[in-house]
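Peer 1: Letter by letter, the chains look like this.
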Amino acid sequence: MAKAPKEKAARSPAENPEFALHSLQEEFEKNKRYDASTEQLQSFYEQMLLIRRFEERAGQLYGLGLIGGFCHLYIGQEAVAVGLQSALTEKLDSVITGYRDHGHMLAYGIDPKVIMAELTGREAGISKGKGGSMHMFSTEHKFYGGHGIVGAQVALGGGLALAHQYNEDGGLCLAYFGDGAANQGQVYETFNMASLWKLPIVFVIENNQYAMGTAVSRSSAETEFYRRGTAFRIPGMKVNGMDVLEVRRAAEIAFKHVREGRGPVLMECETYRYRGHSMSDPAKYRTREEVQDMREHRDPIEGLKKTLIEQGSSEDDLKAIDKDIRKVVSEAADFAENSPEPDPSELYTDVLVEEY
Amino acid sequence: MAIELKMPALSPTMEEGTLAKWLKQEGDEIVAGDIIAEIETDKATMEFEAVDEGTLGKILVAEGTENVAVGTVIAMLAGEGEDVSEAAAAAPKDDVPGEGKDVGRPESSGEGSEAEVARPAKKTGVKDPEIPHGTNMATVTVREALRDGMAEEMRRDERVFVMGEEVAQYQGAYKVTQGLLDEFGPKRVIDTPITEYGFAGIGTGAAMGGLRPIVEFMTFNFAMQAIDHIINSAAKTNYMSGGQMRCPVVFRGPNAAASRVGAQHSQNFGPWYASVPGLIVIAPYDASDAKGLMKAAIRCEDPVVFLENELVYGRSFELPELDDHVLPIGKARIMREGSDVTIVAYSIAVGLALEAAEQLAEEGIDAEVIDLRTLRPLDKEAVLESLKKTNRMVIAEEGWPTCSIASEIVAICMEEGFDHLDAPVTRVCDEDVPLPYAANLEKLALIDTPKIVKAVKKVCYRD
Numbered sequence: 001m002a003k004a005p006k007e008k009a010a011r012s013p014a015e016n017p018e019f020a021l022h023s024l025q026e027e028f029e030k031n032k033r034y035d036a037s038t039e040q041l042q043s044f045y046e047q048m049l050l051i052r053r054f055e056e057r058a059g060q061l062y063g064l065g066l067i068g069g070f071c072h073l074y075i076g077q078e079a080v081a082v083g084l085q086s087a088l089t090e091k092l093d094s095v096i097t098g099y100r101d102h103g104h105m106l107a108y109g110i111d112p113k114v115i116m117a118e119l120t121g122r123e124a125g126i127s128k129g130k131g132g133s134m135h136m137f138s139t140e141h142k143f144y145g146g147h148g149i150v151g152a153q154v155a156l157g158g159g160l161a162l163a164h165q166y167n168e169d170g171g172l173c174l175a176y177f178g179d180g181a182a183n184q185g186q187v188y189e190t191f192n193m194a195s196l197w198k199l200p201i202v203f204v205i206e207n208n209q210y211a212m213g214t215a216v217s218r219s220s221a222e223t224e225f226y227r228r229g230t231a232f233r234i235p236g237m238k239v240n241g242m243d244v245l246e247v248r249r250a251a252e253i254a255f256k257h258v259r260e261g262r263g264p265v266l267m268e269c270e271t272y273r274y275r276g277h278s279m280s281d282p283a284k285y286r287t288r289e290e291v292q293d294m295r296e297h298r299d300p301i302e303g304l305k306k307t308l309i310e311q312g313s314s315e316d317d318l319k320a321i322d323k324d325i326r327k328v329v330s331e332a333a334d335f336a337e338n339s340p341e342p343d344p345s346e347l348y349t350d351v352l353v354e355e356y
Numbered sequence: 001m002a003i004e005l006k007m008p009a010l011s012p013t014m015e016e017g018t019l020a021k022w023l024k025q026e027g028d029e030i031v032a033g034d035i036i037a038e039i040e041t042d043k044a045t046m047e048f049e050a051v052d053e054g055t056l057g058k059i060l061v062a063e064g065t066e067n068v069a070v071g072t073v074i075a076m077l078a079g080e081g082e083d084v085s086e087a088a089a090a091a092p093k094d095d096v097p098g099e100g101k102d103v104g105r106p107e108s109s110g111e112g113s114e115a116e117v118a119r120p121a122k123k124t125g126v127k128d129p130e131i132p133h134g135t136n137m138a139t140v141t142v143r144e145a146l147r148d149g150m151a152e153e154m155r156r157d158e159r160v161f162v163m164g165e166e167v168a169q170y171q172g173a174y175k176v177t178q179g180l181l182d183e184f185g186p187k188r189v190i191d192t193p194i195t196e197y198g199f200a201g202i203g204t205g206a207a208m209g210g211l212r213p214i215v216e217f218m219t220f221n222f223a224m225q226a227i228d229h230i231i232n233s234a235a236k237t238n239y240m241s242g243g244q245m246r247c248p249v250v251f252r253g254p255n256a257a258a259s260r261v262g263a264q265h266s267q268n269f270g271p272w273y274a275s276v277p278g279l280i281v282i283a284p285y286d287a288s289d290a291k292g293l294m295k296a297a298i299r300c301e302d303p304v305v306f307l308e309n310e311l312v313y314g315r316s317f318e319l320p321e322l323d324d325h326v327l328p329i330g331k332a333r334i335m336r337e338g339s340d341v342t343i344v345a346y347s348i349a350v351g352l353a354l355e356a357a358e359q360l361a362e363e364g365i366d367a368e369v370i371d372l373r374t375l376r377p378l379d380k381e382a383v384l385e386s387l388k389k390t391n392r393m394v395i396a397e398e399g400w401p402t403c404s405i406a407s408e409i410v411a412i413c414m415e416e417g418f419d420h421l422d423a424p425v426t427r428v429c430d431e432d433v434p435l436p437y438a439a440n441l442e443k444l445a446l447i448d449t450p451k452i453v454k455a456v457k458k459v460c461y462r463d
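Chains as they are written, first to last, in this note's numbering: chain A, 1 to 356; chain B, 1 to 463.
Hints listed in this document are in silico derivations from the structure and should not be mistaken for laboratory results. Hints may contain errors.
Said to hold, decoys possible - The calculated label-pair distances, taken between Cβ atoms and stated as ranges, are:
(1) B:Ala32 with A:Pro282: 16 to 26 angstroms
(2) A:Glu310 with B:Glu26: 32 to 42 angstroms
(3) A:Met212 with B:Ser275: 23 to 33 angstroms
(4) B:Arg119 with A:Lys319: 53 to 63 angstroms
(5) A:Ala320 with B:Arg119: 45 to 55 angstroms
(6) B:Thr13 with A:Pro17: 51 to 61 angstroms
Heads up, the beta-carbon is just placed ideally off N, CA and C, and yes, glycines get one too.
Model the full assembly from the supplied sequences, consistent with the hints where possible.
Peer 2: This is the structure we're talking about:
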């Protein structure tokens, strides 16, 4: 539960003698992998595969001109959203992210059809075709977007966390951002207030190694991003974002800490995006071999596939899952292609809520 | 069924490119992620990656071919258990509408830019509520009126809270939030660090999360640090989400020039915010409007920028003592009726315009003074209605002239009131310079009553 404001005023983070920056990481190191049931493993596999296939299809539709503008694919990073979001309490906790948002929505179980239809700018899209790939929201699922200004979602996430605390609803906010956004000033403004006010928020840095075309080592003085909360007394965690079970385990530790009213956690998930920053990025800033190496040795879906087979799933079972998911994605793509564009009368709707 | 591999677009504006090289040959096994070919445009080379698995069938476009249109079938891919030769034989389908076209800027068609688009309905005939006969009129300062407006709404709605620099323990840098901490406690009156971008974002996010934040900027000059959240996060979200996600936040604080504080602390941001669809922009003058519109702003489902004026905070006005004094957003107010000329103003310039009108009356010119009160949505009808009556108009604005509210009013009069004009619509604004510190230069730079009087005489051909 959220702490009462009186206590908040009585003891600021700076006065806490028990503060240990590494406490969460130490707990995490003791047992890094989540002990999932077979059912859970299969569910993680299905969700990650759905994101992968969906994004591949989105890439194709972009290539065909059916998706315009910017389109940022999540391929390679699937374990982060699935591992974290599977640990949330549905209908209570809130999630906010940047423009690479398709995966987070799919991880929520939002219908792929309305997501794909938003990508193609159709009336049936989740934002009625007015948002596009970067601007999708589902207040029903407490998914608050979908933000195109790098780093803005961090401060907005702080506000969602403030609302949880204010309403004393016991919920938390999960705010995702990238290694690029981690260099924005407002991120640290938010760290400061979140720690000062003990806001229930988990900051997740999806470190996919490149801020558009700039490698982290070329843009960041401190490339160990989980340490960047130190100045604000925010405990950090470093997590292998290519392993859904590690992410899930880390999520459990972080969420527990936050729900106990002990303030924010900063979690760095090391991950990798296989595709360019956006569709129009030829990705010349890294070698083909680097990408191939990641795909062959660190792929989150292949990794979980091995675990599933070790636990008794057959290749045929997994092929059947893939086939089903391909069908779902195909249907979403057909729906997105065949849905009508928004009616011209929609141009002036939704600018304001009220009439004046 | 065999899969068609089509010429991809590297960007939304690409229409065609060169198929530079085939990296796989007919009959090769393909797995997802394999690079099949290299595509070149004048800007970049891109690797064409396989999405599906299978065997590469017939290559239909040879390497080195230039000007291959986006969407052209360049090869066939046979799926598992399919005959490669069958894949080769599959004839390319007719183009699907929309495919391969430049989707960056669609060419205008029947229903393109020329189409009639329905504008949102505008409420008409909305007036300030009648003040019942015998209502006691209290004399209060604008500062108190603003505070009382906030306090009443905080009593009415638990979700309303105030955040900003020095709003709580210090009682407000300009004492507008005086007493709120005592009544509502630190949960609802929150002192923030000096971190405008951050707390504007947190306030906006809290509104998205269902609260009703009032975000105070010590002055709007500092809100420039936070303008990204006001515009990109608050104003656009409802539209971008197709009406799903609301953002009922009020950004408030003193705006425009104070006194002798120099260029960085003296600017009117009214025209900036008023140019943004998705925002409500309010700039009241007197105590009654300050309170009535503050209450309306807090109840409003849309994000509001509420521009106050430091020099007006301490001025006293009559305010009706009513239980719930709420005024309509988007409606101008006739401050003084007149028949010869209209002076349109808002915020501090309303006082100057009223003063000018009194002086002009002595010279036999009967000026009507309109207080816009809301800058967005602007009450065009009130402006045009008055123009129809007086046929002459001067706009008085404490702010720069270029791209100002005054410019906007001039445009409205040209487009929709041309037949009623007997003289050019004239702007009286600040001088087009950063505000100087020296007392004499500051005075020269700012709008004042004599400048308004002079302009009015000019449009009345009385100079």
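Peer 1: Give a verdict on every hint.
Peer 2: For each hint, the structure was consulted:
1. Between B:Ala32 and A:Pro282 the CB atoms are about 19 angstroms apart, so this pair conforms to the stated range of 16 to 26 angstroms.
2. Take A:Glu310 and B:Glu26: their Cβ atoms lie about 38 angstroms apart, and the range 32 to 42 angstroms holds.
3. Between A:Met212 and B:Ser275 the beta carbon distance is about 30 angstroms. The supplied range of 23 to 33 angstroms therefore holds.
4. Taken as a hint, the range 53 to 63 angstroms holds for the pair B:Arg119 and A:Lys319, whose Cβ atoms sit roughly 54 angstroms apart.
5. Separated by about 53 angstroms at the C-beta atoms, A:Ala320 and B:Arg119 satisfy the suggested range of 45 to 55 angstroms.
6. Taking 51 to 61 angstroms as the suggested C-beta distance range, the pair B:Thr13 and A:Pro17 conforms, at roughly 60 angstroms.
Checked against the numbered hints given earlier, the structure satisfies every one of them.
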